[in-house]
Every structure is written in C-alpha cells, then in structure tokens.
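Number of protein chains: 2
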Amino acid sequence: MYDFAAEPGNNELTVNEGEIITITNPNVGGGWLEGRNSKGEQGLVPTDYVEMLPSDGKDPFSCGNSMADQAFFDSLSTNAAQANSSAANSNNQVSGGSDPWSAWSASKSGNWENSDGWAAKPEGAAAAQRNSSNNWDSAFGHPQAYQGPATGDEDEWDEDWDDPKSASPYFKDPESTEAGAAQRGRPGTSSMKLPLNKFPGFAKPALDQYLLAKPLAKPKEKISIIVGDYGPMWVYPTSTFDCLVADPKKGSKMYGLKSYIEYQLTPTNTNRSVNHRYKHFDWLYERLLGKFGTAIPIPSLPDKQVTGRFEEEFIKMRMERLQAWMTRMCRHPVISESEVFQQFLNFRDEKEWKTGKRKAEKDELVGVMIFSTVEPEAPDLDLLEIEQKCDAVSKFTKAMDDGVKELLTVGQEHWKRCTGPLPKEYQKIGKALQSLATVFRSSGYQGETDLNDAITEAGKTYEEIANLVAEQPKKDLHFLMECNHEYKGFLGCFPDIIGAHKGAIEKVKESDKLVATSKITPQDKHSMVKRVGTMSYALQAEMNHFHSNRIYDYNSVIRLYLEQQVQFYETIAEKLRQALGRFQVM
Amino acid sequence: MYDFAAEPGNNELTVNEGEIITITNPNVGGGWLEGRNSKGEQGLVPTDYVEMLPSDGKDPFSCGNSMADQAFFDSLSTNAAQANSSAANSNNQVSGGSDPWSAWSASKSGNWENSDGWAAKPEGAAAAQRNSSNNWDSAFGHPQAYQGPATGDEDEWDEDWDDPKSASPYFKDPESTEAGAAQRGRPGTSSMKLPLNKFPGFAKPALDQYLLAKPLAKPKEKISIIVGDYGPMWVYPTSTFDCLVADPKKGSKMYGLKSYIEYQLTPTNTNRSVNHRYKHFDWLYERLLGKFGTAIPIPSLPDKQVTGRFEEEFIKMRMERLQAWMTRMCRHPVISESEVFQQFLNFRDEKEWKTGKRKAEKDELVGVMIFSTVEPEAPDLDLLEIEQKCDAVSKFTKAMDDGVKELLTVGQEHWKRCTGPLPKEYQKIGKALQSLATVFRSSGYQGETDLNDAITEAGKTYEEIANLVAEQPKKDLHFLMECNHEYKGFLGCFPDIIGAHKGAIEKVKESDKLVATSKITPQDKHSMVKRVGTMSYALQAEMNHFHSNRIYDYNSVIRLYLEQQVQFYETIAEKLRQALGRFQVM
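Going down the list, the sequences are from chains A and B.
Just add 2 to wherever you are in the first sequence, counting from 1, and you've got the numbering used here.
Just add 2 to wherever you are in the second sequence, counting from 1, and you've got the numbering used here.
Just so you know, the hints here were simulated from the structure itself, not pulled from any lab data.
Treat the hints with care, since some could be wrong.
For identical chains, the list gives no copy identity; a pair is met inside one copy or between any two copies.
To be verified - Below, a list of computed lysine to aspartate or glutamate pairs in the EDC-like style, where the Cα atoms sit at most 16 Å apart:
no.: 1; residue 1: Lys532; residue 2: Asp244
no.: 2; residue 1: Lys318; residue 2: Glu466
no.: 3; residue 1: Lys430; residue 2: Asp404
no.: 4; residue 1: Lys430; residue 2: Glu408
no.: 5; residue 1: Lys397; residue 2: Glu43
no.: 6; residue 1: Lys521; residue 2: Glu576
no.: 7; residue 1: Lys252; residue 2: Asp210
no.: 8; residue 1: Lys426; residue 2: Glu408
no.: 9; residue 1: Lys476; residue 2: Glu366
no.: 10; residue 1: Lys532; residue 2: Asp514
no.: 11; residue 1: Lys527; residue 2: Asp249
no.: 12; residue 1: Lys504; residue 2: Asp404
no.: 13; residue 1: Lys577; residue 2: Glu465
no.: 14; residue 1: Lys224; residue 2: Asp365
no.: 15; residue 1: Lys318; residue 2: Asp249
no.: 16; residue 1: Lys364; residue 2: Glu314
no.: 17; residue 1: Lys224; residue 2: Asp384
no.: 18; residue 1: Lys433; residue 2: Glu408
no.: 19; residue 1: Lys430; residue 2: Glu512
no.: 20; residue 1: Lys220; residue 2: Asp249
no.: 21; residue 1: Lys532; residue 2: Glu377
no.: 22; residue 1: Lys477; residue 2: Glu322
no.: 23; residue 1: Lys504; residue 2: Glu377
no.: 24; residue 1: Lys41; residue 2: Glu366
no.: 25; residue 1: Lys430; residue 2: Asp382
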C-alpha cells in the first residue's frame, strides 16, 4: 500500500507500493506482520503498510479506514482478547480519515515513529500529542531531537494490556470520536481530546444528565471548594508531595526486536518507587483527561517519539518533560488526591496495578459528571455572574494564549540565532583576528611578539564567546521556553473547558422554555442554575489555582532567566577583560 | 545623450535621451551649460549629459570618449586657460572608456555625485577613490551615507584654479593614462593611480632615466636613510606635529546654486589655521602620489560624495576620515617634512598658496625620480638581497591585505547583525515580556502587581539592550573597521610600489646583455645596482615605518575595541541585574 524501507539489522522487509507480499505470520504483534515478497525474502512489515487482499469476495477495506484494516488484521490474531481490545480501542481512538492519516501522509521519510499512528493501540491521544509536540518542538528549536532516522517504536500495545478497554463506557460512541478527532485536528488550540460525550449518547445528553438528573446521586467522591482570600479555591491537602521521574531504562520485547523505555517514579511522600513505561503515562493522561478534563486543564504528555541519532538527548528531554508533567499533577490538589493518580504512584505489585487500572477504566464519574462530586461551600450564584466569570476566564486565557505564543515565537527565533548565525559570527571574528596575528608574525619585524600573542588570545576569546553564546540558550532560554510551552498546553485545554461551561449556561437559558411548556418544573430550573453555579465555582477555584501557579512559575522562570543572563554577560565581560589585559598600553 | 532629471529649485533643466536642446550658454562653468529644450524651457544641464551636434561636418565624438567631449565643450569656453587646463587634466586622468564611465553607467539614479566623474576637472583620482570608498562603505556598513538623493556637487573645478595644469610635464602621455586607468580599474587591489610615467615617454624610459642617468643630478632635496636597530629607517624629525581637521563650513558659489564644504586645518606645531576645501585635499593627494607614490603608500582620500538626507552624518564621517588621513601624513617623516605638505598647511595668504601650488605642480622630482633624492647611509646591497627584500614585502603585504579584508568582511557582517536583526530581536523579546505583563494585569487576580511590574521592567530592559546593541558598533567596531580600512588603503598601494621595484630589478638583470654588447659600461651597471639598492633601502625604511605604525595602530584599536566590548557587556549585565532585582524571591 505504501513504500516501506526496512531498517537494517531489524529483521524488516522492504516493500514497495503495489508490491504483493504473502503474509506468513499475520500476528507478530505490535502492529507488525511477517511477510514474504516476490523475491522470496521474508521479514517484518508494519501491518499498516499493507492492504489485505480480499479472500472472501468483499471489497478491500478502504485506505482511509486504517483502523478497520487493523481490526481485520487483529481479528486474525490468535490472541483474541488482545486483538479485540486493540481493535475496539483503535476504532474509537482513531477514526477513519482522521489526523494520524494526514500526519502520516505528510511524512516524507515514513519513519517508524509514525507507524504507531495507526498501530493497534489507543494512539489518538498520542497522535494528538505528537502534533502538538511537534509544533512545540519546532517552536522550541530543539531540532536535534527530531532529526535522524528512528530506531524503533518503543511503546507498542502489547500483552500487558489485558484489560478490555471496550468495557469502559465512554469509548463507544462513534460520533463522539469523530468530534474528538476534529478537536485534535484543530490547529494550535487544544491538544487534548475531551470526552464530553463519554456516556452512551451525545454531549448534550451528558450535560443534561448532570444538570437535570434528580436527585443527583451522592457520589462517594467529594471535591470541596471553599472561599478563601482570593475567592473560591480548591481545598489543598495538608501535605504535598512531588514525584521524581528518573532512571530511564531500555527494555525490550519481541525477542529484542522492539525496545521501550521504562522510568522509575518515586513519590517524595512515600519514597517508594514504581516503574512505568511511557504508555502507562499515556494511560494515566487518558484517565485524568476523561475524569477531570471539563474542570481542570490536563496538559498533554510530551512527545513519545524516539529518534536514532540523538536518542540519549531526546530521552533526557522527554524525561525532563515527563517530570514537569508529573510535578504539575502532583501540585494539583484535586488531581494529586484522586484515586487514579494515587494508585498510579502507589501500587504495590502487578496485581494491585491491574486491579486499580481496571477500576479506573470503569469509573463513571467522568466528563461533566465530575461536577456532581464538587461541593462548594459558598452561596449560590446567579446566572449573570456565572456567565461573566466564564467570559472573564475565556478572555484571559485567550489573551494569555496569545501572549505565551508570542513569547514562544520570539524565543524560537532567538534560540535559532543564538545557536546558529551568532556563534558562527563570533567564530569568524575569532578566526579573522588569529589570521591577522599569523600574518603579523610573518612580518619579520622585531618586537611585536607581545602584540601578536595578544591578538591571538583575543581571537581565541571570541571563539570561546562563540561557544558561550551557542550553549547559553540551554541554560536560560530553555527553561523560559519549557515554562511557556507548559502554559501553552494548559491554555490549549481551556477552549473545551469553557465550551462545557458555556454549553451548560445555554442549557439553563433555554430552560425557561421548558418550564413554560411544563417539561421541567421551576424547581428543576433552580437546581440547574445551582449546578451551573457549582461548575462556575469549580472554574473559579481552578482559575485561582492556575493564577497562583502562574505567578509562581513565571516569577521563578524569569528570575532564573535573568540570573543566567547576568552571569552570561558577566562571563563574557570577564573573558574580554582578560584578553584586554594582554595588550600593552603604548 | 542621457536622461537628466532636474533637481527642483536649482535652475536645472530636465532632458531626455535623444532630445535635442539648444545651447544658450555653453560656459556656465563647473561642468554645466545652459540650454533650452523644444518646449522652450531653459535651464542648466550637465555638459556630459549632452552631445554636441557637429557644426563643422566632423563626426560627433563618440560617447566612450567623454573627456574628448569635455575637451571639446571646454574649448568653447571663453576662459581658455581654465578650459585647457581642465581638458588636459581630464584627458590625462580619465581616458576614454575608463572607470568613471562604467561607474556612471552602473548608476541607476544618475545622481549628481556621479556627474563629477567626467566633469572638467582632474577627477580620475576622485573617481578611483569613490570606487574604493564605495567598496569600503558597503564593507563598512554605513549604508545611510550613501542613500537618498544627492543635494549637490560641492567641489566643482572653478575659477580659483587659475594655474594651467598643462604646465606640469607628467600629464601628457596618452599611453600612460591608458595604463593608469587600467590600474584604477583593477578590482580590489590598488586605489591609487601611480604616475610611474610622469615624464614625456613611458614608464621604462622614466626608470631608465633614474637608473642610467650619468651623473645623477644632485637634487636640492635630500631624503636620508640611516640604519637603526630595526634596519634601514627614515630619519624622523625631532619634533612631530599633527593637524586638526575641524569646523566644516558650507560655502557656495554660482549664485548659491552650488555649495561646497570648507574645513579648518590647524597644525599642532604652529597652531595657525588654514582653510581648505575637499578639492584642495585632492590636489595635495595628487601631488603626494606623484612625488612619493613609488616609495611610500599614499592612501586615497575618503569619498567626497555628499548625500542629501544624511548630509550631516556624512560630513562628520568624511571629516573623521580626512582627519585620519591628515594624521597619517603628518606622522610620516618624509611626507610631513616635504615642501608641498608644509606649504599646504602653512601658507600665509592666498598669494603664497597659489605660488606654492604652482611650484609644486612644476616639481620634476616625482615618480621614480624621487629615489634620486634618497641617500642611504648604508653599505651597498647585492641584487639577490634586494630581490629577496622586495619579495618579502610583496608576500607580507599581500598576506596582510587578505587578513585585513577578512576582518573587514567579518566586521561588516557583524555590523549588519548588530544594527539590524539582533536589536530587533531584543526589542521583540522586550515587547513579548511587556505584552505578557499586560495580559497578567488583566487577570483580576490579587497580589501579582509586583510580578507584573517586574516583568514590564524586564521587558523594558530588553528594549534598552536592543538600543545598546544597535549603538555599540559605533563605539567599537567602527574604529576597528576604520583602522582596517586605512590599512586596506595602504596595502592597495603596494602592488604599484612593488611593481616599480621589480621593474628596476629586471632592468638590472637585463643590463648584463647591455654590458656584453657594450651599450653600457660595467661601471654603468654597478651604478644601476647601487641605485636599485637605494630603492631597496627606501622600501625597507618605509616598511619599518609601516610596521611600527601597524603595531601601534592595531594594538591601540584592538585595545579600544576590547575595552568598549567589556564595558558593553558589563552594562548589559548591570541592567539585567537591576531588572532581576525587581523579582521577588519566592
């Protein structure tokens, strides 16, 4: 179906578009099959690079519907449970003609990384992340992390995903995934997919269920909101913790053909480590997004791509970003205290992990239903106030999104200059001075050794400055960029959050008609306003959390930036002063 | 002959190529004539923009031979003496099809400045200078000095040039001017025109005259060479002086139509000022070049162009360069003591100036004949040694020329970056930070005033840094560039100097044949070797002068550069430290 270039030494088989290969083993796993080409060569080919020729008289699956293909291939699998799970997930996560496909089409190299875009696993989120991450990374200017050929796809969906995902109720509605895909494809806004529509049925029915259910089932969970000095706020736990992400280790499976990276996570409160692979992070992200995403911005995970040449540097950076993500989550009073998050960090053995996982996936208090667990200890709000609050958040987050993007754009430009033309120029100045000293040395004139040595030193100093300039962004701009990138991630979640709130406000506005036609009672309407008020309190509490973090983060990161800049310029001044000292006062 | 666009308010007449105008006054002066077009409009037109239609049956002069045209036009002049002088000069200085023409053709705007390239005055040198200056200026990166429309041609040859130049013997040989033009046109090497051929006849006869004249007439002038610690050296005067160039004043003539700049020159030894216009400097340059140019590099004068928009800035820079040029000349023991130079600075009245001028123009000790005045108090050299010395100078000056050009190229690049994209980027960083602070201020969240003020300050600091960066090159790179530019000028003179020396060496080598055929005596040959030895001593003395100046100049200018750079980086560090101080430690 597509050209596929085998990576040497990986048991892979190069196939060309239009070439017919015989499948010798359709179930190697991990999105691979074993095939034999017309020359009799045998090897692994990504399932998505081939199209199954019909043996039952049916039309071949259309290319656009990759996941249907995948489902077909997977149905051939002897491991039915896994295949079903995969297929169901795939079908849900990546619908026909969605982003991963276009992303794949745009890919020039057909890199391995891209192949997981349609592999049999819930890659929708990952694909969305990749898109956003790529934006970021190109914005960030770490091109080295994205160059070179891929070495492998490290995080395939494999046998340890023994829980049939289809058991989770909010991965069933095809229309919702359609919407999800559209959302993911929206350029530059949201990088999260928000399961507003997690219940059988559509978004509005889900909203209706929250706003109109009577009585609202008292959930076991409870998220309190109190009114503090700065307005509504989440209740912060008495003790906080962080979680250190460290020690990335390469593991492998499929007889060493495929490798993955495993991280050690150590919560600072327990100091007991657990290991997680990237896909577990991804699973957690999905859970948090599903459960809290209408109330709390859940930034996407960093890119999962691994490249060949710069693998180590990439792993380091991804770990840094996973660390930042975990720290964010730990810092959040609602998320850090949630069962799914706690369980992710504190399971004692494989069995406990799997049990917890299964439980989390069955959780029904997701989407807008999370608001049913929110209990504001505060007076009811009227609709106008609710609407104003929502608009204010909308306006602020939009403005900040613009501001953050401006800074990222400028930072990217600056990064490029500082790592590209500027040090080259200082190098040239250094070389030109040294050349001049070399010429001067050839003059045969006596008594100019001191001058020539001094000029040579000055030249070397400019070469050192070239290095300082090129290395500096890693010491300061990097962190400013990372911080802004994180906030870009947060801010990208707000359109959906605000969408949910505005949807609820609209519902209430429309409810007068329902009262008039006696479809609901005035009491129902009152209860709707109260519930939208609860949503508003949650939004306000979250915004206050957001603002206090923002103030802390920007204060810290700009401080750090300026500190490093001061040091940078002082170092240069000092080096130049030393060079100057070599010149005689004549 | 060419399109000419009149400058408004200047009594000028716009003419188009092919248009026939009636000349109402062919002798307005300064390269202008008064004409009337077919519409009856009357005004001034540069003589070189029009072609005289023949009234005597002869073919019109070809366009390529502008100076012949000029001579023709000038011959119409009622002021025959002036015209003859001009024509003779022109004919010598700018031969048909030479640089000024091509420079003119390449000019898009037909600016006034260019018109003096073929005006009735000795503009060859000025044209050559302009070429080199333009190279330099584009290399230097002072584009502002060359933008905008011209306001006027300030230095026309006018009535105060009452001395018939044709009296000077070395402006007569058409072949020599051919060679001179070729020399001037040589890209990137020499910007001086060397009157090797100043005597009636060719270069070689002139060289013969010096090498073979017997006995060599004992000149009144005497240039001594002694052997010091560093080898042969000029005798330095016991007291030295500089000459301050200051107070540029605009004068005008032709009823205010044309203006010029007059400078005040104050030698530090007399402290008595004289005034000189640019053209007087140019006259001095011509004299020095003619007299000393085979022995001493005489750098060309700075560009004489004046532009409209940036006139003041340009005048300032030109004055700075005239100052540098004068200082160079004053620093040179041979030049500073020469009669022509002394007279230029010390004439007491107009009459004395004119007498001195006439005398200088009649000086016959020019070209290679200058060596007849050189008296080395040193043993005779053998030819091998002479040749080695000459080759060493050739090699060094070529290498230094490369080195200097490399530094100029790098400096130009750096200048562009520092005044262009880099400050723009810092400005953008500053603006982005301030935008962010503005967004933050709109949050409605309490207690972030300090942060927002601090971010605003940091933003303003980056705007200040932008200005510092943009202004810095004027404080340091400028001087480094000027120094290298001066040396580029010096070094550009060496190919001709070395050419003269190599020519003499060749003569001596060939002399064996002459001795064999009894055309000259062995004694003649001995005397030739001695005279080439004198040339070699002069070259060595000049090189020692050059080297000691070079060491002083480069030591000073790199010191200055580094000092300013240290201060620059320290200022930035200090500004950033202040900005940092606004951020709270959280």
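I want to check one pair: Lys430 and Glu408. Are their C-alpha atoms no more than 16 Å apart within a copy, between two copies, both, or neither?
between (32 Å within a copy, 9 Å between copies)
If the cut is 16 Å between Cα atoms, do Lys532 and Glu377 qualify within a copy, between copies, both or neither?
Result: close within a single copy only, 11 Å intra versus 111 Å inter.
With identical chains, the pair Lys220 and Asp249 could be close in the same copy or across copies; at 16 Å between alpha carbons, which is it: within, between, both, or neither?
neither (43 Å within a copy, 92 Å between copies)
Intra- versus inter-subunit Cα pairing at 16 Å for Lys532 with Asp514:
within (15 Å within a copy, 119 Å between copies)
Could you figure out if Lys252 and Asp210 sit no more than 16 Å apart (CA to CA) within one copy, between two copies, both or neither?
neither (47 Å within a copy, 86 Å between copies)
16 Å Cα cut-off: does Lys527 pair with Asp249 within a copy, between copies, both or neither?
Answer is neither; intra-copy 54 Å and inter-copy 88 Å both fail.
If the cut is 16 Å between Cα atoms, do Lys224 and Asp384 qualify within a copy, between copies, both or neither?
For Lys224 and Asp384, the Cα distance exceeds 16 Å both inside one copy (23 Å) and across copies (107 Å).
Within a copy, between copies, both or neither: which one fits Lys430 and Asp382 at a CA-CA cutoff of 16 Å?
neither (69 Å within a copy, 45 Å between copies)
Regarding Lys318 and Glu466, is the shortest C-alpha distance of 16 Å or less found within a copy, between copies, in both, or in neither?
Neither way: Lys318 and Glu466 sit 26 Å apart in one copy and 36 Å across, limit 16 Å.
Pop the pair Lys41 and Glu366 into one bin, within, between, both or neither, using alpha-carbon distances up to 16 Å.
Neither, since 53 Å and 94 Å both go past 16 Å.
Should Lys504 paired with Asp404 be assigned to within, between, both, or neither, using CA atoms and 16 Å as the limit?
neither (21 Å within a copy, 71 Å between copies)
Within a copy, between copies, both or neither: which one fits Lys476 and Glu366 at a CA-CA cutoff of 16 Å?
This pair counts as neither: shortest intra-copy Cα distance 44 Å, inter-copy 69 Å.
The structure shown violates the earlier hints numbered 1, 2, 5, 6, 7, 9, 11, 12, 16, 17, 19, 20, 23, 24, 25.
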